[in-house]
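Participant: Please take these sequences and the hints and turn them into a complete structure.
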Amino acid sequence: ADACQVASELLRAPFAADLALQALSPPAREALDIATQEARSHGASAVGPLHLLLALARPSAGGAAAILEMMGAFPQDVRAKVEARIGPPGTPRASAPGMSPEVEWVLGVAHNEAQRLGQQQVGTEALLMGILWLRRCAAADALSELEITIHRTRIALSSIRDTKRISVPPERRLACTAR
Numbered sequence: 458a459d460a461c462q463v464a465s466e467l468l469r470a471p472f473a474a475d476l477a478l479q480a481l482s483p484p485a486r487e488a489l490d491i492a493t494q495e496a497r498s499h500g501a502s503a504v505g506p507l508h509l510l511l512a513l514a515r516p517s518a519g520g521a522a523a524i525l526e527m528m529g530a531f532p533q534d535v536r537a538k539v540e541a542r543i544g545p546p547g548t549p550r551a552s553a554p555g556m557s558p559e560v561e562w563v564l565g566v567a568h569n570e571a572q573r574l575g576q577q578q579v580g581t582e583a584l585l586m587g588i589l590w591l592r593r594c595a596a597a598d599a600l601s602e603l604e605i606t607i608h609r610t611r612i613a614l615s616s617i618r619d620t621k622r623i624s625v626p627p628e629r630r631l632a633c634t635a636r
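Counting in the numbering used here, the sequence shown runs from 458 upward without gaps.
Keep in mind that the hints were calculated from the coordinates and are not lab data. Hints may contain errors.
[Claimed, not checked] Simulated DEER-style distance windows between Cβ atoms:
hint: 1; residue 1: P546; residue 2: P483; range: 37 to 47 Å
hint: 2; residue 1: D490; residue 2: Q577; range: 34 to 44 Å
hint: 3; residue 1: G575; residue 2: R486; range: 34 to 44 Å
hint: 4; residue 1: S552; residue 2: L574; range: 29 to 39 Å
hint: 5; residue 1: S552; residue 2: R611; range: 32 to 42 Å
hint: 6; residue 1: R550; residue 2: S615; range: 37 to 47 Å
hint: 7; residue 1: A551; residue 2: S601; range: 26 to 36 Å
hint: 8; residue 1: G575; residue 2: A551; range: 39 to 49 Å
hint: 9; residue 1: G575; residue 2: S552; range: 32 to 42 Å
hint: 10; residue 1: D490; residue 2: A537; range: 17 to 27 Å
hint: 11; residue 1: S502; residue 2: E540; range: 12 to 22 Å
hint: 12; residue 1: S517; residue 2: R542; range: 35 to 45 Å
hint: 13; residue 1: G575; residue 2: T548; range: 41 to 51 Å
hint: 14; residue 1: S552; residue 2: Q479; range: 20 to 30 Å
In this text, a Cβ means the ideal position worked out from N, Cα and C, and glycines have one as well.
Facilitator: Shown next as structure tokens:
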């Protein structure tokens with residue numbers, strides 16, 4: 458299927474945020490928890506795509522973090538792009554923030570993406586793809602500035618799909634610590 462057809466199927470499919478929440482893999486669930494902590498520490502009333510992106514860039518986020526690093530976007534680079542938009546953490550919010558409509562949309566698209574790839578669970582890679590599909594979004598813009606695109610991410614995903622566990626090769630880890 459060509460990219461336009463895939464996009465049409467992903468974006469036209471029934472909204473599946475509730476299904477996605479039920480189908481989150483443990484690393485994706487942890488990423489959503491971390492995104493909630495990020496939103497709270499930034500004093501936000503809702504978890505937005507930028508908070509989710511911060512969570513996905515953390516090494517504990519598994520596949521999404523490995524893909525970002527494979528493409529040269531290290532956690533500190535992602536954080537710098539995000540904080541250029543929302544500022545550094547400030548006064549934490551007393552109550553837990555809810556999810557923004559954009560993050561609910563990302564969850565739905567991620568669920569559709571995981572189904573399209575034949576995956577039983579929604580992983581962090583699918584969440585990353587969901588952010589990339591979001592148009593006119595500060596998180597997608599931050600990724601674009603880091604030269605992270607849907608096309609490049611799909612290529613990275615296909616190059617690692619046959620491996621059981623997604624990890625950053627040792628030579629990339631050394632490059633990361635040397636930065």
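Participant: All the hints need checking, so say for each whether the structure fits it.
Facilitator: Status of the hints after comparison with the structure:
1. In this structure, P546 and P483 break the distance hint of 37 to 47 Å, their C-beta atoms being roughly 25 Å apart.
2. Against the hinted window of 34 to 44 Å, the Cβ-Cβ separation of D490 and Q577 comes to about 21 Å, which falls outside the hint.
3. For the pair G575 and R486, the supplied restraint of 34 to 44 Å is violated, since their beta-carbon distance comes to about 20 Å.
4. Range check, S552 to L574: about 36 Å between beta-carbon atoms, so the 29 to 39 Å window is met.
5. A C-beta distance of roughly 38 Å is found between S552 and R611, which places it inside the suggested range of 32 to 42 Å.
6. Checked against the given bound of 37 to 47 Å, the beta carbons of R550 and S615, roughly 39 Å apart, stay inside it.
7. Evaluation of the 26 to 36 Å hint for A551 and S601 yields a pass: the beta carbon distance comes to about 34 Å.
8. Between G575 and A551 the CB atoms are about 42 Å apart, so this pair conforms to the stated range of 39 to 49 Å.
9. Against the hinted window of 32 to 42 Å, the Cβ-Cβ separation of G575 and S552 comes to about 39 Å, which satisfies the hint.
10. A hinted range of 17 to 27 Å for the beta carbons of D490 and A537 is consistent with their spacing of about 23 Å.
11. Remark: the range hint 12 to 22 Å for S502 to E540 is upheld by a beta-carbon distance near 18 Å.
12. A beta carbon spacing of about 23 Å between S517 and R542 contradicts the range 35 to 45 Å that was offered as a hint.
13. For the pair G575 and T548, the supplied restraint of 41 to 51 Å holds, since their beta-carbon distance comes to about 44 Å.
14. A hinted range of 20 to 30 Å for the beta carbons of S552 and Q479 is consistent with their spacing of about 24 Å.
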